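Please build the complete structure, drawing on both the sequences and the hints.
Each chain, letter by letter, is given below.
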Amino acid sequence: MTYTKPLPTIDVWNRPFWDACKEQRLIAQKCNTSGKVWFPPSPVSPITRDHDWRWIDLTGAGRIVSWVVMHQKYFSGFAGEIPYLVAQVELDEGPMFITNIVNAGRNSVAIGARVQVVFDPITDEISLPKFRLLERA
Amino acid sequence: MGAWALKDKAAIAGVGTTGYGAFPETDDYGLGLEALRLAVDDAGIDFGEIDGLIINRIPNYERFVQLANLNPTYVLATEAHGRFSAVSLMLATQALASGSAKVVALVYGNNGRSARAKYGGSGMWAPWGFTSPGATHAMMFRQHMHEFSTKSEDLANISVAFRKHASMNPAAVMRAPITVEDHQNSRFVCDPLHLLDYCIINDGGVAWIVTTPDRAKDLKRRPVHVAGYAVQASFNHNAVPNSDYWYPALRKVASEVYPRADLDRSAVNGLMIYDNFSPTVLFSLEGMGFCEQGEGGAFVRSGTLELGRGRWPTNTSGGHLSESYMQGWGLIAEGVRQLRGECGARQIPNCNVIQYICATNICSSIILRK
Numbered sequence: 027m028t029y030t031k032p033l034p035t036i037d038v039w040n041r042p043f044w045d046a047c048k049e050q051r052l053i054a055q056k057c058n059t060s061g062k063v064w065f066p067p068s069p070v071s072p073i074t075r076d077h078d079w080r081w082i083d084l085t086g087a088g089r090i091v092s093w094v095v096m097h098q099k100y101f102s103g104f105a106g107e108i109p110y111l112v113a114q115v116e117l118d119e120g121p122m123f124i125t126n127i128v129n130a131g132r133n134s135v136a137i138g139a140r141v142q143v144v145f146d147p148i149t150d151e152i153s154l155p156k157f158r159l160l161e162r163a
Numbered sequence: 226m227g228a229w230a231l232k233d234k235a236a237i238a239g240v241g242t243t244g245y246g247a248f249p250e251t252d253d254y255g256l257g258l259e260a261l262r263l264a265v266d267d268a269g270i271d272f273g274e275i276d277g278l279i280i281n282r283i284p285n286y287e288r289f290v291q292l293a294n295l296n297p298t299y300v301l302a303t304e305a306h307g308r309f310s311a312v313s314l315m316l317a318t319q320a321l322a323s324g325s326a327k328v329v330a331l332v333y334g335n336n337g338r339s340a341r342a343k344y345g346g347s348g349m350w351a352p353w354g355f356t357s358p359g360a361t362h363a364m365m366f367r368q369h370m371h372e373f374s375t376k377s378e379d380l381a382n383i384s385v386a387f388r389k390h391a392s393m394n395p396a397a398v399m400r401a402p403i404t405v406e407d408h409q410n411s412r413f414v415c416d417p418l419h420l421l422d423y424c425i426i427n428d429g430g431v432a433w434i435v436t437t438p439d440r441a442k443d444l445k446r447r448p449v450h451v452a453g454y455a456v457q458a459s460f461n462h463n464a465v466p467n468s469d470y471w472y473p474a475l476r477k478v479a480s481e482v483y484p485r486a487d488l489d490r491s492a493v494n495g496l497m498i499y500d501n502f503s504p505t506v507l508f509s510l511e512g513m514g515f516c517e518q519g520e521g522g523a524f525v526r527s528g529t530l531e532l533g534r535g536r537w538p539t540n541t542s543g544g545h546l547s548e549s550y551m552q553g554w555g556l557i558a559e560g561v562r563q564l565r566g567e568c569g570a571r572q573i574p575n576c577n578v579i580q581y582i583c584a585t586n587i588c589s590s591i592i593l594r595k
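Residue numbers (my numbering), protein chains in the order written: chain A, 27 to 163; chain B, 226 to 595.
By construction, these hints were calculated from the structure, which means they are not laboratory data.
According to the in silico footprint, chain A covers these stretches of chain B (three or more CB under 8 Å from chain A):
no. : stretch
1   : 410-416
2   : 457-468
Over the 12 Å line for every Cβ pair with chain B, so calculated as not near, a few chain A residues:
no. : residue
3   : PRO42
4   : GLN50
5   : ALA87
6   : ARG158
If you want the footprint, here are the derived chain B segments under chain A, 3+ residues with CB under 8 Å:
no. : stretch
7   : 340-346
8   : 352-358
9   : 365-372
Predicted model only: the values in this text are computed from it and were never measured.
Beta carbons: idealized from backbone N, C-alpha and C, even for Gly.
Dropping the structure here:
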């Protein structure tokens, strides 16, 4: 069946991220000077504004910072899932993601709850990082 | 410390607002041109006096200048985000203070309703179904609920107050009074935000004529002075909703705007708060120091923002929630009309000072006085 939800826009900076997701690895850039880890991928370190950074593997562990339930139809591909949950997750290394929680709904999700990344292979090229709730709040 | 260099350097001499609603027979150019003509009439100037022009939301400044048949020495288009209404007025003030222009027309036109603007459906988080400014504010508000025990009912008090004001404003699009229950029963657009937490997208145009106080004092209307302003950007490189409710940026704006205007909060008679979504009103009140952080919910609960009841009548036009989403332009026009005493049933008594506040990624505040 054809995948009907929006696909990520691949650009020169985030291509390594999406390539890693395909291998079930979550990666982000780390500033060699400050140690700061950030997402989304960008040309320079937000701390030093220079190119002295490297890709690192993330643990994929984090916590829920906030969450909402989308009731409005903005994407035809999501129409069948309305209302659906979207969470803001802060990874242990610092970066923030907006994502879906695969095993939780409105009544089981909570701010502060621990989550772990899982990968959803939505097309041959793209595996979408989502998160699994590790404990009920 | 000497007086702030831009204190009282600009005066709003005229405002023009079109009707708000669905006007498929015109477009953003047509709405902007109509607002401009109304503002020019209101100020009592000739079109030929306009030597500065700032346009906003209208797609192409070149086409607008052609249509308006103007050849100003200072011409500029600002970004379509609502945060640029305040920024545009600041730029006009700077242009006047520097002598770059003597009479600046600022023109806004928006046909979002007829053009079916959706404010959602794209963005880097679309693969996870996350999109729209409303969802961003919902994400921030959920955190505020968790951190400070704020409730959706607290937001209801804001929507109810602004709708009450709109019921006294013939220009407002939504005028039927609502209750807290109506707010709570309105459908979720993005839980925790209900439909009645969202602004109302419409067609409309707004224009302001801004000039030097010297020029303004001889014109048709009582001038309204830009007593002071302050602005602070607050972006984060994460590209996620801002987890700090713009509080540090708003605190900085608060620390600057009152001294610049040479008055304190107690002198303010009414507020115009950028209400794209009701939570921004709480964030604005907390950040500007009207209450402690986290106490915004309790602060608005007892009718604080309501005309005739509260100390701080806010968005007396109905604001973006009930008058029309004119991205701050209409709120500032309302502030001018309050200071001129033209607001009839919704007039703030003895109105001498109005404060405009915008909580967003470019936080700003402007203090207007008679």
